[in-house]
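Given the coordinates of chain Z, work out where chains A, F and Y should sit on it, guided by the hints.
Residue numbers (full-length UniProt numbering), protein chains in the order written: chain Z, 1 to 328; chain A, 1 to 328; chain F, 1 to 328; chain Y, 1 to 328.
These aren't lab readings, by the way, just hints derived from the structure by calculation. Remember, it's a predicted structure, so these values are computed and weren't measured experimentally. C-beta atoms are modelled at their ideal positions from N, C-alpha and C, and glycine is treated no differently. Check before you lean on any hint, since a few could be wrong.
Only some residues are given here: those of chain A computed to face chain Z with a beta carbon under 10 Å [said to hold, decoys possible]:
hint	residue
1	S74
2	A75
3	K78
4	T82
5	E153
6	I155
7	D298
8	I300
Single-letter residue listing:
Number of protein chains: 4
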Amino acid sequence: MSKEIKKIGVLTSGGDAPGMNAAIRSVVRTCAYHHIECVGIYRGYQGMIEGDFKEMGPRSVNNIVNKGGTILKSARSKEFMTPEGRKKAYDNLVAAGVNALVIIGGDGSFTGAEVFNEEYGFPVMGIPGTIDNDIFGTSHTLGYDTALNTVVEVIDKIRDTASSHNRLFFVEVMGRDAGHIALNAGIGAGAEEILIPEEDLGLDRLLESLKKSKASGKSSSIVVIAEGDKIGKNVFELKDYVEENLPEYDVRVSVLGHMQRGGAPTCYDRVLASRLGVKAVESILEGKSNFMVGVLQDKIALTPLEQAIKGKSEIDRELLRVSDIMST
Amino acid sequence: MSKEIKKIGVLTSGGDAPGMNAAIRSVVRTCAYHHIECVGIYRGYQGMIEGDFKEMGPRSVNNIVNKGGTILKSARSKEFMTPEGRKKAYDNLVAAGVNALVIIGGDGSFTGAEVFNEEYGFPVMGIPGTIDNDIFGTSHTLGYDTALNTVVEVIDKIRDTASSHNRLFFVEVMGRDAGHIALNAGIGAGAEEILIPEEDLGLDRLLESLKKSKASGKSSSIVVIAEGDKIGKNVFELKDYVEENLPEYDVRVSVLGHMQRGGAPTCYDRVLASRLGVKAVESILEGKSNFMVGVLQDKIALTPLEQAIKGKSEIDRELLRVSDIMST
Amino acid sequence: MSKEIKKIGVLTSGGDAPGMNAAIRSVVRTCAYHHIECVGIYRGYQGMIEGDFKEMGPRSVNNIVNKGGTILKSARSKEFMTPEGRKKAYDNLVAAGVNALVIIGGDGSFTGAEVFNEEYGFPVMGIPGTIDNDIFGTSHTLGYDTALNTVVEVIDKIRDTASSHNRLFFVEVMGRDAGHIALNAGIGAGAEEILIPEEDLGLDRLLESLKKSKASGKSSSIVVIAEGDKIGKNVFELKDYVEENLPEYDVRVSVLGHMQRGGAPTCYDRVLASRLGVKAVESILEGKSNFMVGVLQDKIALTPLEQAIKGKSEIDRELLRVSDIMST
Amino acid sequence: MSKEIKKIGVLTSGGDAPGMNAAIRSVVRTCAYHHIECVGIYRGYQGMIEGDFKEMGPRSVNNIVNKGGTILKSARSKEFMTPEGRKKAYDNLVAAGVNALVIIGGDGSFTGAEVFNEEYGFPVMGIPGTIDNDIFGTSHTLGYDTALNTVVEVIDKIRDTASSHNRLFFVEVMGRDAGHIALNAGIGAGAEEILIPEEDLGLDRLLESLKKSKASGKSSSIVVIAEGDKIGKNVFELKDYVEENLPEYDVRVSVLGHMQRGGAPTCYDRVLASRLGVKAVESILEGKSNFMVGVLQDKIALTPLEQAIKGKSEIDRELLRVSDIMST
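For reference, chain Z alone in the conformation it holds in the complex:
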């Protein structure tokens, strides 16, 4: 990368997550701090193809550090999966004088960035933004901590009504491939059982556990279930199965859904977003490209995009044991 960086583009792509705005703000202000121009690209790669750009000075990101969603909007772009689409995008960036890109998103977004970098040698830097925390190379993705708190607050409310009526609730949370949200929010919310994609608990053990819970004198129970759990039944089928096998239980289902993506980011997500944005821009200015900026063991760390895409984010298996002990 011999070319001098004068203008950096920033975009958000894939599912939105709390903290994305704080990251945009950080990228914009770090550019200003280093006297680099910054361009916001709307609606992810689709806006790159359509040339939907906007110059962003430091005042353009006032009062967004605490806002959920993304002011740059997000979208999926089929066109960017084609060479023609990427060509248009490249031409637009060149025409706008953009020298490098910061992509805030998940692994799908990073794949797009990597291909684009490969084809055009265009400097790209990724910031992990997704509530699912399913990205290798970072212990936390933007939005994950916020989503945990959203889930825990909602289950606290459900627990009020569960314990008033001595009921069993199945609460489905996000996480198709990763049980991070279910496992951590489940422990945080005091769930009796937690079903995650990484672990096939089995239906028998679930019934066993619920029986034991009743016998231990608990009057109500919460089971937290990740969307992608391996138990082979969806949450409504599971309800039917349990009611059939444990008629003493009156089961209710709650699917939390998209509310988990929204809301004001937690302090952690805001600070993390600020740190990642600084590092992304400064890494570009140091001539680096094709990395994801993440956090590992509390330190900001770079991981090659390729690894971030291919690697697998692992849950902390010790937490399964903690969960087990907590439901004593």
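This is chains A, F and Y only, laid out in the frame that chain Z set:
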């Protein structure tokens, strides 16, 4: 009612609602203030039948004014629908020296109270506690204001992600027979359309409205739907119908469910609960029976239980027009 | 007012309050609904003098219904208190083609509106926006319900630490002339005593009440104090006085301050703002002027500005008795 | 420690912090899981001296994972600083059959534990619970993450009113010796300047920074100040100083105070508490004593109590630079 009141029983019945604990606290402390004994009855009428009673002094209700759910638990009792069940309940009350009852619940609970009063001449006083606000004789039921705020906060989060992705969300809220929650929370959350049981908007008008919304330049939309809406399709069928007829829309569904029943009560619900509890106890001490204590035009007011049960709580139709104007 | 209304100006003035943005949105969209133009005036009367105007279409108020503060900003204007200032303001309005004004603010702001109307015959309509709820002619001002909930949530947190340490807390809340916040939030938060401007409780009774509270077995206590209480000591002097006279108490002070003005409005404040905005604009279109649009006994009602300014908003004295009973 | 552990005592000491209840629950249930008895000791060391004990089975900690404060209460004990006091405490523990102690608190509490262990060879294990995060040997203390979010949410509200009025706010947060809260919450809240005990910024630089902020077009500013900052003026003196030197600023002060100690713990604090409780009990069962159980680089780690007491918790100085860049 010539017999002197020396001990009052209090119970919660039907679906729980935020503010029930504040009402229990108020009943208990008002009794103490007037040097009357107070007995908590667990699990509603079922606990009355089973003699599940507990003496409650003013310190027994410390630190519950802000707690969701009900410390007395709630349950539905089939046995209380039988004369035998009510006989057992009566005998238990007499044995415990209880002279009068305060019932916190909805119209089903009030019906039980009325029958019981008719059979045994037992003084009963109702306090309306249900999030649905579907009780005649009170502008607000306990828990309704809290539920409105819960719904609005959740839709605020959904809006973050809706507007980041230019999506349409159908949000189903509680209200089988009454559209109070949908109508007020819908306006509060800035919904584009609101579907309620009291009004058959019709599918055509919904499509029309969504088309207009798109044309007006709105990039995302929220439609709030009461469980009991009259449109003839459930919320998932509605999604399919709209996607078929308006392919430009990417629709998501969120069913809020039981979280609406929980959470710390709002200031309004706590103050209302405190006022209603005072009035319920003092009305009993004045020799009154068979009334519901509610709030009408900001004033505490008594309504005969019979009217509270038979009357219909009406929505404020002017709000339909306000909603319409707001979605301009 | 025979002149046809074609363009309405809207401004926020005085202390900001949650719900002001929802009211601005309502005024803007009601204008659009009736095919009237709408102009936002920045920084209250000062912006009127400086001609700081902006045309506002219905999309300009997207996504603000849930935002605290005021997008039109607020300011106090000394210049508007002079005839010269008002002349400039009038000239600017005429030049911009503005035919009528909606003023969102407190009684100071209404006084300005009334003088302006008197001098220039300019149609004005007031919407009460202040957290203090100290305006005659409306049971609720915009922001009041939100402030109550903010206060109650903060005191809930303080109670956690108070009851962990068996401490006494004095919590000062807003309200120089009116005890609405202290009285309602005090009951809502379960305060042992409430000191308000409307009632001189006296120091002796405070000491007596605290002694009784200790004797009754309460391990911690909260006293809520309005800024403008009549007890003759500020909150820190009061702490010293109590610690001197009741050495068994370890007193802490918390002054809540400006946080009470901010935050997302509650559902109630959003719906009220929507209703008031509709009524303000439609009243102007019906040829009315010089009224405040408020809510009385749950109905939207007009009060002449002069009365709104001169009248006194009364607290509900029954609540003093409820508070007394609740601290049994 | 050859003696077999059959009964563990748990207490909370020093200032309370959110997550203490979750830690108590974890200790109690981990004991139950390992078929060990557990005894709750009320009011910290004072209750140990007074023999204020209570057997705690797994159901005794139902529904407290989400509660702020501590159900075991906390207190400071002068008597425990004397050999006589500790003798009484020891005798009580022996009489009750308690073999080991888990102390949840800050470094003052750990010092007591260490002395007690030294004198009586009594196994002790510490869990760091304090919102200030000022303990060596753990990246996070219980309650710290919750306090950060409480502060950030309050400053978000203050920002609403600050930006509506173009004002400067000084917000004082907790932290006598450590700037962790101020630094992280300051970045999270988008503060223009952050004053902490670890860094003497100097009054000149503060004025310079505020001038620059105004010049850059910012209309409002927040300065976050730790209680123990080194600038040599308290927050009210600072207000006067700034208003004298920068008359263009209208300064307001907000001292957040004790509300920072309360509230429902965040998911992070609940999960951390659960993990620390498990490790504390299991470490005792493995024969360990005199350690603090903390978290370092996301892993649970033991630190000798002596080091935890003497070591100094350092702020992340890179955050000072991030803060600087963010206020561009």
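Here is how each hint holds up against the structure:
1. S74: Given a least distance of 5 Å, the restraint on S74 (chain A) holds.
2. A75: Constraint on A75 (chain A) satisfied, holds at 7 Å.
3. K78: Hint on K78 (chain A): violated, closest Cβ of chain Z at ~14 Å, above 10 Å.
4. T82: violated, 21 Å
5. E153: Cβ of E153 (chain A) sits 8 Å from chain Z, so the hint holds.
6. I155: I155 (chain A) check passes; min Cβ-Cβ to chain Z is 8 Å, inside 10 Å.
7. D298: Violated. Min distance 28 Å.
8. I300: At about 25 Å, which exceeds the 10 Å cut-off, the nearest Cβ of chain Z leaves the hint on I300 (chain A) violated.
When held up to the earlier numbered hints, the structure conflicts with 3, 4, 7, 8 and fits the remainder.
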